[in-house]
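Kindly produce the complete structure, drawing on both the sequences and the hints.
Residues per chain, in single letters:
Number of protein chains: 2
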Amino acid sequence: MSEDFLKVARAAREAAAELAPLPRAPKDRALRAVADALVVHSAEIVAANAEDVERAREQGISEAMIDRLRLDAARIEAIAEAVRQVADLPDPVGEVVRGGTLPNGLELRQLRVPLGVIGIIYEGRPNVTVDAAALCLKSGNAVLLRGSSSAFSSNTALVRIMQDALAATEVPSGAVQLVPGQTRESAKELMRARGLVDVLIPRGGASLINSVVEESTVPVIETGVGNCHVYVDADADVDLAVDILINAKAQRPSVCNAAETLLVHAAVADEFLPRALDSLAAHGVTVHGDDRIAHYGEVVPVTEGDFYAEYLSLDLAAAVVDSLEEAVTHIRTYGSGHTDAIVTRSQQAARRFVSLVDSAAVAVNASTRFTDGGQFGFGAEIGISTQKLHARGPMGLPELTSTKWVYTGEGHLRTS
Amino acid sequence: MSEDFLKVARAAREAAAELAPLPRAPKDRALRAVADALVVHSAEIVAANAEDVERAREQGISEAMIDRLRLDAARIEAIAEAVRQVADLPDPVGEVVRGGTLPNGLELRQLRVPLGVIGIIYEGRPNVTVDAAALCLKSGNAVLLRGSSSAFSSNTALVRIMQDALAATEVPSGAVQLVPGQTRESAKELMRARGLVDVLIPRGGASLINSVVEESTVPVIETGVGNCHVYVDADADVDLAVDILINAKAQRPSVCNAAETLLVHAAVADEFLPRALDSLAAHGVTVHGDDRIAHYGEVVPVTEGDFYAEYLSLDLAAAVVDSLEEAVTHIRTYGSGHTDAIVTRSQQAARRFVSLVDSAAVAVNASTRFTDGGQFGFGAEIGISTQKLHARGPMGLPELTSTKWVYTGEGHLRTS
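Line order of the protein sequences matches chains W and X. Take 34 as the starting number for the first sequence in this note's numbering and just add one per residue. Take 34 as the starting number for the second sequence in this note's numbering and just add one per residue.
Because identical chains share one entry, a pair is satisfied inside a single copy or across any pair of copies.
List of simulated lysine to any residue pairs, SDA-like, C-alpha gap at most 25 Å:
| # | residue 1 | residue 2 |
| --- | --- | --- |
| 1 | K40 | Q215 |
| 2 | K40 | L389 |
| 3 | K40 | Y367 |
| 4 | K40 | H363 |
| 5 | K40 | T366 |
| 6 | K221 | T250 |
| 7 | K221 | V246 |
| 8 | K221 | R46 |
| 9 | K40 | R365 |
| 10 | K221 | G207 |
| 11 | K40 | K221 |
Derived from the structure by calculation, the hints contain no laboratory data.
Right, dumping it as structure tokens:
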């Protein structure tokens with residue numbers, strides 16, 4: 034491990050120990066100071082960001098990607114406002130999760146405590162730098178940030194401004210750190226920093242997540258890969274099914290809770306598919322369908338790869354199935370365990386689908402797009418976990434904590 | 034991956050899908066059938082166990098270890114009784130962890146669901162084979178067991194009897210599987226079976242846990258390594274401190290929640306240490322002490338290795354510290370994050386110690402020996418987690434589950 038990396042990781046570890054016992058008020062004051070500093074230093078951030086944008090342009094990056102990268106005064110104000118909103122959220126640390134008095138009189142409590150040092154590896158947008166830092170600080174954690182090299186100048190400026198702002202508060206400025214270099218090598222150092230980093234959260238596409246999961250010796254929370262399904266059951270209300278499908282697919286196709294695959298029960302295909310295919314076409318969606326879908330309209334022939342795909346675009350894989358069980362098997366085989374929806378009027382079918390689909394979220398007669406910390410009322414989210422350990426689904430502040438058992442006696446001894 | 038391993042792992046995976054949606058009653062019936070079968074086939078188990086004992090004897094294993102390995106009718110009855118107790122515990126699956134109606138009318142619930150397939154790698158005693166299987170089945174999980182090769186014949190018999198018993202119930206018999214070979218290689222296959230196995234729980238000493246943590250691509254829950262501390266504060270009630278120290282060290286020295294290190298505040302050393310050293314000696318404890326401890330009695334000189342040691346024997350590392358903060362730093366440096374105790378009459382010192390010690394459990398004026406699922410009222414435990422993700426401290430049935438979000442609407446679409 035490089036000396037540069039160790040220095041930063043150790044500084045974060047020390048800051049974490051200092052930050053963990055802090056009560057809510059100084060953390061909120063620090064977050065507000067960060068928000069104010071970002072606005073005050075807006076011009077400086079925009080100037081740094083211009084370097085990233087120029088570099089991206091030289092490299093021939095698409096205008097859509099450059100727009101994701103770009104920061105202006107209004108976007109910085111929005112980033113600062115998000116930090117203020119995190120300050121307004123309840124502090125998860127210290128919450129008594131369980132507690133009581135044991136038969137022997139020992140008082141037992143399970144308290145929420147910070148995880149310690151959280152590593153975040155992310156792509157693209159520089160707003161994540163600030164969002165992630167704010168959520169980690171609020172939950173009492175230090176954070177090691179490893180962003181995209183394409184946002185290097187912006188991230189460097191943002192982190193320096195945050196650190197300077199923290200220096201005047203009770204939160205140690207070492208609690209927010211950019212991993213040196215922001216290179217592939219620095220990401221690997223983060224993955225191997227077991228003992229210095231308590232948890233690693235990769236935010237990005239499937240290839241980033243997979244490489245972290247494969248290589249990391251630090252415990253990982255997998256986030257965000259969404260191959261979401263809409264299953265239209267034999268008993269579906271067809272109007273409702275079309276609306277849900279269009280919303281799930283087309284309302285915002287680039288996000289992880291957008292639908293990528295449509296499964297239609299054969300019994301409702303005649304009634305549902307002609308209307309669904311018309312509406313999908315009207316919304317600019319390309320359907321990759323099997324032969325039974327092709328019977329109802331123009332489609333691109335589907336491949337097995339399409340069923341695995343997280344398109345994040347106006348594409349949709351589609352197949353007809355002969356039973357709810359066949360739909361469930363398809364979802365268990367090809368899905369990513371993010372969100373899968375059933376549209377049905379049958380209470381029994383809904384119960385069965387909910388029980389058999391093994392995903393972070395299951396939607397009944399609702400769009401998959403609701404799997405989101407904001408929609409669930411969490412106030413903010415660090416990502417959507419698609420794994421089973423620790424946290425599953427949208428992760429808010431409590432998901433950035435661990436717990437500690439505390440028991441208090443008056444000389445209690447164990448006798449057996 | 035060997036064909037033998039894949040066959041068993043896939044069978045467990047299929048059984049897990051079938052077992053997950055089962056309600057409590059058939060699971061409890063299956064557990065009672067398992068308990069009855071173990072008793073009925075007692076002679077068969079004892080005969081298989083005799084092969085293990087004979088092999089151990091040929092290999093010159095110590096009588097103490099052989100006693101841990103040995104099964105007789107009374108021990109098998111106790112194992113069966115533990116299975117019946119698991120059947121009597123509440124089913125964690127289906128519990129609504131959080132839930133409510135969102136402002137838009139969407140009904141949102143977070144439900145406990147099984148993890149899926151749990152791998153257990155363990156040493157020594159064959160009773161773990163049955164205990165672990167019972168806890169996994171009750172929480173709706175299939176289990177892949179990889180026990181010690183020293184218990185190969187016993188484990189083979191126990192698993193075959195459990196599978197035969199399950200075959201007559203609604204729980205699929207494939208839900209309990211012994212990993213083929215029970216070798217080092219089979220343990221590695223379990224560690225690499227990402228996608229087939231959802232979580233791996235190593236139960237055993239530090240070297241087992243470390244090798245699993247290092248090599249596994251399957252998510253791991255670290256358990257059981259306990260380098261527990263008793264810190265006697267300046268303000269301690271000295272009688273109470275001696276009693277707690279002796280209980281923590283000597284009541285059962287071979288377990289992970291026994292104390293391994295004593296830290297004494299300098300201000301109480303004169304009053305506490307002479308009595309503590311006398312009492313430790315009377316209980317047969319060898320003290321590995323620093324110079325300041327040696328001032329009060331006969332000790333073996335302590336090394337840094339002693340401060341890291343999990344003795345699991347009648348040995349105790351000991352040092353005098355000049356402040357609570359120095360004690361905390363010692364614990365953070367050398368401890369294993371299991372359980373650390375403070376003995377003090379000062380409310381302020383207790384609060385500070387609880388806040389600063391970053392361990393799964395912190396005891397105030399109580400023996401470290403209470404960190405235990407049974408003592409905490411969990412009814413049973415699969416182990417004591419010393420990691421921060423997912424579960425920390427004693428793990429009961431709820432800790433063997435994940436969660437699933439379910440939301441139900443009437444055609445709810447997202448508009449922003």
